[in-house]
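Colleague: Position chain B against the provided structure of chain A, taking the given hints into account.
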Amino acid sequence: MFNANNLSMRKISLLLVFLGFIGLQVVLAQTRQISGVVTSGDDGTSIPGVSIVVKGSTLGTITDMDGKFTLKAPNTAKALVVSFVGMTSVEVPITSSSKYSVTLKAESISVDEVVVTAMGIKRSEKTLGYAATTVAGDELLKSRNSNVANSLSGKVAGLQIQATSSDPGAVSSVIIRGFGSINGSNQPLYVVDGVPLQNSTINTSGHSISTGGIANVAPDDVESMTVLKGAAATALYGSRAANGVILITTKEGKKGNGRNFTLSYNGGLQAREVSIFPTLQNEFGQGWNGNQTYIENGSWGPRLDGSTQVYGPIWNNQQLMHKYSALKNNVKDFFDIGLTKNHNFSLSGVSTDGKLNYFLSYSNSNDDGIMPSSADSYKRNTIAYRSSYEGADWFKISSSVNFARSETDVVGSFQGTSVVDGLYEMPRDISILDMKDISSPFNTPEAYFTPYGITNPYWSLTNNYNHTNSKQIYGKLQADIKPIKELTLTYRFGFDYTDYDLKIGSPQIKLDDALITDNMGYPPSKMNQDGYVYARYGRSYELNNDFLANYDKKLGAFSLTANAGVNINERSSTYMIGETDVLTFNTGFWDLSNGATKTTISETQSKRRLIGLFGDVTFGYKDMLFLNLTARNDWSSTLPIGNNSFFYPGTTLSWIFTELVPKNKVLTFGKLRFAYGKTGNDASPYYTSARYEQGYANGYYGTDIASFPMNGANAFISSLTAGSTTLRPEMTSESEIGLNLKFFKNRIGIDAAFYDRKTEDQIFTLPVDPSTGFSSLVTNFGSVQNKGIELLLSTTPVKTKNFRWDLDVNFAINRNKVLSMPESLEGGKVTIHSFAAGNDAVYMYAEVGKPLGTYHTYLPQYVTDKTSTYYGKQIVDAAGQPVLGTEVEDTGLDMNHKWTGGISSTISVYGFSLNATLDVRYGGTMFSRTRNLMEFTGNGVVTLYNDRKPFIVPNSAQAVVDADGKVISAQENTTALKLSDGSYQTYFDTYGYGNGGLAYLVDRSFAKIRNITLSYDLPKTWVKTLKLSDISVSAFVNNAFVWTAKDNYYIDPESSTVGTDLEGNFGELYVNPANRIYGFNLSITY
Amino acid sequence: MKRIIFLLAFIILGLTSCDNYLDINKDPNSPSEANITPSMIFPGTEMNLAASYGDFLRIVGGYYAQHYAQTFGTGNYVDYSQFKMSATRSSGTYTQLYTRTLKNLETVRQQSKAAEQWGTYLAATTLRVFTYQVLVDAYGEVPYTEAFDLNNLAPKYDDGLIIYQGILAELDEALSKATSSNVVCTNFLFGTTTAEEWIKFAKALKLKLLMRMSNTSDVQSKVAALIQENDFPTSDVSYDDCWTDETGKASPYYQEEYASYFGSTQVNVVANIAYMQTMRESNDARIPKFFRTNGSGEYKGGVSGTNFSTSSLYKEPYFCRPVFTYNMPVNLITVSEIEFFKAEFSALHGTSAVAESHYKAAINASFIAAGLSVSDAANIYTTSYPWNNANYAKLIGIQKWIALGGTNNFEAWCEMRRLKFPAFGTVTGSAIYNVANDVYSPELYVAGTLYTPIQFNTDLGAGKILQRFKYAESSTSRNSNAPANKGDAIPVFWAE
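Those sequence lines, one after another, are chains A and B. Numbering-wise, my numbering puts 928 at position 928 of the first sequence, and it's gapless, one number per residue. Numbering-wise, my numbering puts 480 at position 480 of the second sequence, and it's gapless, one number per residue.
With the rest of the complex left out, here is chain A (with noise of 0.2 Å):
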C-alpha cells in the first residue's frame, strides 16, 4: 500500500486526469466580460499571479506577466476579492464598469503576524510578551531533510539542534537555551496543531532513531514552525514545556487558481558522501612497535618501502601478499554514494461554500547512506488528512488523522566487528577494495589478516543486523462551539500511538582454526562469539483531553482576552524484549528461535496521567499596551498522592511604543517585552516507592553474569534506585526582557531577548555511595542557571521588482551554571556520562559553580615546585613515560558552545533564487573515541611525531621516588621512548601522546553551511500553458562546508553515540563518518 514503487507514473497521470475533471464542473450561468490591473500601491509596478475571484464564488482568474486579467463574471456578481501573498487583500465592488484598475498595498505581514500560541489559541504577534519565532514552511522545505526538525538549524537563535550523526533516519537533539535539567529531558515539546506528539526516540547500538514524534511529520505538511522560548509562553502546556514548545502548524486546504482545490507534486533526488574523515598518515605500516607482525591491527610496523610482503595468518598453506606501501584511500574507498529519493502528493481545497475544508497528504521518502549496502537506510511513509465543517456560524467540527510509518536499518556504532572499527583499525597498507568477496576465507574472520577483535568491514556490514520498523497514528478530533459571539468552546481529543519492533542480529563466529597452517602468534578462533538475536516490541500511547473557553471582547480602547481549559493528560508505554544466543544459524536467521539458550525475557511498562486546570488573561490597551497573566495547577500521578498537586503562574507585558511616537520614515515599529513565568515538572513513573527487579548480577564486562530464573529458582532483589515518598515537583522560572524594533517600513528588523532561567529542586536520581544500600537516590536537589542573550536581524538590502536579498543573521549566547549541588556529594558534583576503558577514564560532570559537563580525566603531571629548576615541567617516571595523576582532575574544559550564530541570505532575481545558511558554534569540548583509535592504532597523522624516530618527553623532569614510591623531587630526563622497546607506541597508546585522557578530547567548535540552495520559479506564461499553477525546480548541498577547529582532525563534532539529550552531548564512540548531500527538486502545483 506505501509502497511508491508500485504507484506507476501512469496511474498518477489517470489520477490527475481525474481530478482534472472534478475542478471544471463549473456551471455557465448569463455573465459578462470584466477586465482590469493590478499594480502595486509601493512602486506602481503591475503585479503578475495576483488571484482575482468573484466574491461568494469559485469564479475567478490570475493576473498575467503584465498584472492584468480578464474573466466572466455572473451577472449578480457584487464584488471582487483581489489577493497576493504579502499584500492585503482588497474587495473591489463590481459597477457598470467593464474595466478596474486596483493597487494592492504590501501587508504589514511581520508586524501583524497571527501567531498559534499554547493551546492552538492565534494571538496577533505584537501582543505577546515574550520571544517567539516563527519559520515558513517553504524556508524548511529548502535542505529537504526528512526530519524537518533539523532544518529548523541556523535560523533561530538560542535553538541548537546537534544532528547525532548523518546516517540515515538519524534524529537531533534539540536544545532552547540551554540546558537546565539534569537528570530529566531537556528536548521540547511538539506540539502539531495543539496536539502534543510524544517523543520517542530509541538508542541502538550507538545510534538514536526515531520510532514516532516530530520525524514523522512529512515537511511537505508543515505551513509554519513556530518555536517558544520562554517559561512564560509555555506555563500553558505544562511540565513539558519547561524545555521550551515547538509549536507546528500544518496546512489547510487552499483553493487554486479558478479552482476551489490544489494539486501538487515536490519531489527529489539526493546524493550523499563522505565529508569529515579522520586524517591519516601514509608513512608506516602494518606491526606493532616497530616490528612487522602480519597481524597486527594497526600501523606501528616499520617505514612503508614498496617491498612485497606477505600478512595475515598462513591459512591452507596460502597466505595473502602486498605491496608494503601506503593506500591513501583505503578506508575511504569503502564508502560509497547514497541516494535518497523523495516525493510528497497533496491535494487540498476548500468547497464552494467555504465551509469544508480538506486536505490529504502522502509521502514516501527513502534515504541510502554512504555504506555500500542498504544496510544503512531509511525508509518512510506518511499518509495525512485533515478537514473541518463549519456546520453553522456557531459551531465547526475538525479531525486530524496522520498515518506514518518508517524502516530504520543501522549499521552499528560498537567497539568489535563494527564496521567503522574495522575501518579505523586497518593498518594503512591493507587495500578494502580487495575485501569484497566475503566468500573468500581472507575476508572472513577463519583467516582475516587480524584475530584482535576486529574483521572485515564488508563482512561486518553482512552480517550484523539492526532493523526498526515503527508506525504511528496521530491526530485529533475537535469541536469548537461559540454559544454567543465573544465565546468560543473547544473539545479537543489528541492521540499519538506508536508501536515499533527492534531487532538486532550479531553474528556467530565459531572457528576451529583447522584450516590455519600458521596463525602468527594469536589464532583467529579468538575471535569466537556466540552471536544473539535481541527483539524489542514496543508500543506507546499519548492521549489528551482538552476543553478550553475563550472569551474576547473589546470595549472602546480596551480589550479583553480571557482562556481556561482543563487538559487531562494520559502516557502510557510499554515493551518487551526478548534475546537468545548461541546461534543455530550463525548469521542471517534473526528470529528468537535460533539460539540454544534464551537468555532474557522481560517486559517494562509505565504509565502517568496528569490533569492541569489554567486561565490565561490578556488586557489590551489601544493596540499599545498589553498585559497577559496566566496561572496553571497541575496534579500529577507521579508525585506523592495527596501532595501531587502544584501550581505556577506567568506574567508578561507588551508595550507598542511606537503608537506614542508620530509616524515616520525610520522606526516603523518598536515593542518591548517583559515576561516572568514559572514552569513546574512532575517526576517520571515510580519513583515514590520501594522497587523490586528479577535477581540479576554483573561480571566485570558482562552484565547479567547471573541471571534468574537459575537452577531452577528464581529471586527478586530490591532495585538500586530507591524511591522517595516526599518528592516534590521541578520549577523552572525564568524571566526575559525583549526588544522588537523594524525600521525603513520592515527593511530591517530586529528582535533581542535577555533572560535569565533557573531549574531548581531538580528531579535528580542522585548517585549515593553503595554503602547506603543503594546506588542512587530520588531526590529533589541542585539548582542549575541558564542566562543569555539572543539577536535577530533582519534585512532586506535590496528590493527592486526583480531582484531581492533578504539577510538574517541570528547570534546567541547562552550562559549556563550548577548553583547548587547536594553536600553529600564529593566535590559538588554528579556524573552525567562517562567513558572508562582499561585504565583510561574520562567523566563529564555536572558540579557546583560551573557549567553543566565539565570534563575530567588523568592527567599528566607537572613540578609545582617554585624552587625546583625543573619548575613547569612534565613529569616522567624511570622509563621516560608521562607520570599520570592517579585520580581523575578537572580539564577545565565543558561540554558548552561560547557562543553560537547563523547567517541566512537569500537572492532572488527574475525567478531564480539563491539561498545560503551558514550555522556557527564557537567553543566546547566533546569526548572522541575515533580521536584516541587513531593513536592507539598508529594510523592516525600525529603519530608521525618526531618521524617515529627515538625522542625524549619535551620539556620534561624525571621523578625521583623514595622507597615508597613517593615522589621527593625531580631531575633530568635523559630517557628516550623508542619504536623498537615498545615504549614510543605505549606513549601514544597508555599515555594519550603525553596528554593523558586529554587525548579523548577534543574541540567541539564549527561553521558549517547548512545548505545552499538554488532554485527558479517557472515564469508563470510558461506554467500557464501547462494548466498549472506553479512550476519549481531547485539544486541544493546540504553541509556544503564545514570548518572545524584546528585540532579536530577527527570527526564532525555534532557526531554523538551516547543519546540526544545532556548525556549525548558527551561525544561520540565510534561513530559513523558525516556526509555531504547534493539534491535535486521539483515542485509542480496544479
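There may be inaccurate statements among the hints.
Claimed, not checked - Derived, one-sided and incomplete: chain A residues facing chain B with beta-carbon distance under 10 Å: (1) GLY699; (2) TYR701; (3) LEU766.
Claimed, not checked - Straight line, CA to CA, 20 Å or less: simulated EDC-like cross-link-like pairs of lysine to aspartate or glutamate: (4) A/LYS598 <-> B/ASP245; (5) A/LYS1020 <-> A/ASP64; (6) A/LYS254 <-> A/ASP1030; (7) B/LYS315 <-> A/ASP518; (8) A/LYS978 <-> B/ASP438; (9) A/LYS510 <-> B/ASP245; (10) A/LYS598 <-> B/GLU246; (11) B/LYS315 <-> A/ASP513; (12) B/LYS486 <-> A/GLU887; (13) B/LYS156 <-> A/GLU826; (14) A/LYS510 <-> B/GLU246; (15) B/LYS26 <-> A/GLU603.
Stated by the list, open to error - A few chain A residues that don't get close to chain B, going by computed Cβ distances all over 12 Å: (16) GLY56; (17) ASP64; (18) VAL81; (19) ILE94; (20) GLN162; (21) THR204; (22) MET321; (23) LYS323; (24) LEU339; (25) LEU356; (26) ALA562; (27) ILE789; (28) SER794; (29) LYS799.
Hints in this document: simulated from the structure, not taken from any laboratory. Note that CB positions come from ideal geometry on N, CA and C, so glycine has one too.
Modeller: Coordinates of chain B only, in the frame set by chain A:
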C-alpha cells in the same frame, strides 16, 4: 447553554474523582514490597556475592599473588600483573557487594528476625559477615557503623578492626539464636532446609576472622575454644552444583574468561612463572588439575608486569591457561584452609605434632578437592616441604599459596599479606624476561619466592606485594566523608 452546563458538570465530576484517577504510581513490573519474602531474595544475594567473589576478586587475587600472568596479544589485566588497582576498576564490585548483596541480606535479616526464623537469620548474617570481611580485606576501611541509612548520604569509613569486631559480634549473636534444626529459607549454598551446615560454615568463618586478626589482636582463647569445639564443615563450602553452561547461569569466572558469551573470547589469564615453577620443582601433582599444557604440551608460566607484546617468541600458545569449566565451584571456604588455620594455631600455641597433622591434613584436603588422592600428596610434606615447626609461617604460607592458587586466589592474596610468605627473592621480573632482547630465562627464578614485576606499581615500590585496593570510585565520588587513599604499601589492620 444547557450543553455547556453539562460539560462543566462533567469536568467538575471528573476532578472530584481525581485522586483515584491519579493513584496509579505503582510499578507493574515490580512485586509489591509487602509480598517479598526471604526465600525470594536470598538466592539473588548469593549469586551477586558469587559473581564478584568468584570472578573479579578471583582474577585480581590471582595476579597479585603471582598465580597469574598476562598472556601475549591481550592487555586487559596487565595493570593487575603490575600490582596496580585503580579506583574505577573495583567500583562495580564495591557497588554490587553493598547494594545487591548486603542491602538485600539486610532485608532478609530484618524479616527473619521479626518472624524469629533464626535459621534464615543465621544464614543471612553469615553471608553478611563473609562479605564485610572481603570488603575490609580488600579496602582496609569501609563504611560499617553508618552504612545502610538513606538519611546519611556521607557515611564515615570505619577502621578495619572496628568492623571485624562488629561482624564477629554479629556472628556470635546469630549463632546464639540458631539451632541446627532451624529452618533456612531457599538458598543455593547448601540447598538444605535446616541450619546445621550453616552453623558449621559460620564457625569456620569465625575461625578465619579470628586467625586473620591473630597477628595484631589477642584472640588466642577464642580460637582455642573454637578449635576445641571442632564443629567445622567437612567438605568445602562452595557454590558448586548450581551452574549450567549458559550465559548468566555458568560459573562467573568461566563466563568472562573462557566462554564466548559476551562477544569474542579474549584470553588474558595464564600461569605465572612463580606459581608454575614452584609447583614443578616440588613435582606437585596438582599442576595438571590447575593448568592445561601449552601448545607444545609443556607447563610454562608468564611473567608479571608485561604482556609480551613485543615478543616474537612467547606468543599466545606459549603459556598455560588455568583449567576452568562452566561448573567449577566458587569457593567460600575450604576444608584445606580450615586445616591450615589449625596447623598455624597449633604451631604457635600447641604442639609441633598436632600442627604437623593439620598441615598434612590441609595438603591432603587440597589434593582431594582437586580430584587427586592422599597418596599423590605425600611427596609434598615428606620430601619437598616437610614440616618444621620453627619454619611454620613459611611452610604454611607457601603451601596455602599453592592450594589456594587453584581454588581461591583472592584468599591467597590475603593470607600472603598476613603470613608474609611467599617472600620476595632477589631476582626481578626484568631479569627473568628481558623485554628489549626478547630473552626469557625461567631458570633464574627461585622456587617459593615472589619477584618484582617487569613494569611495577611505582606508588607501591619494588619488592612489595600490593597491600590494598584504592577506595572505590562509586564511593569516593559520592561520599564527602570518604577519606583520602592510604598508600598502596600501607597494610590493612590485620597485616600491620
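Colleague: Against the structure shown, which of the earlier numbered hints fail to hold, in ascending order?
Modeller: none
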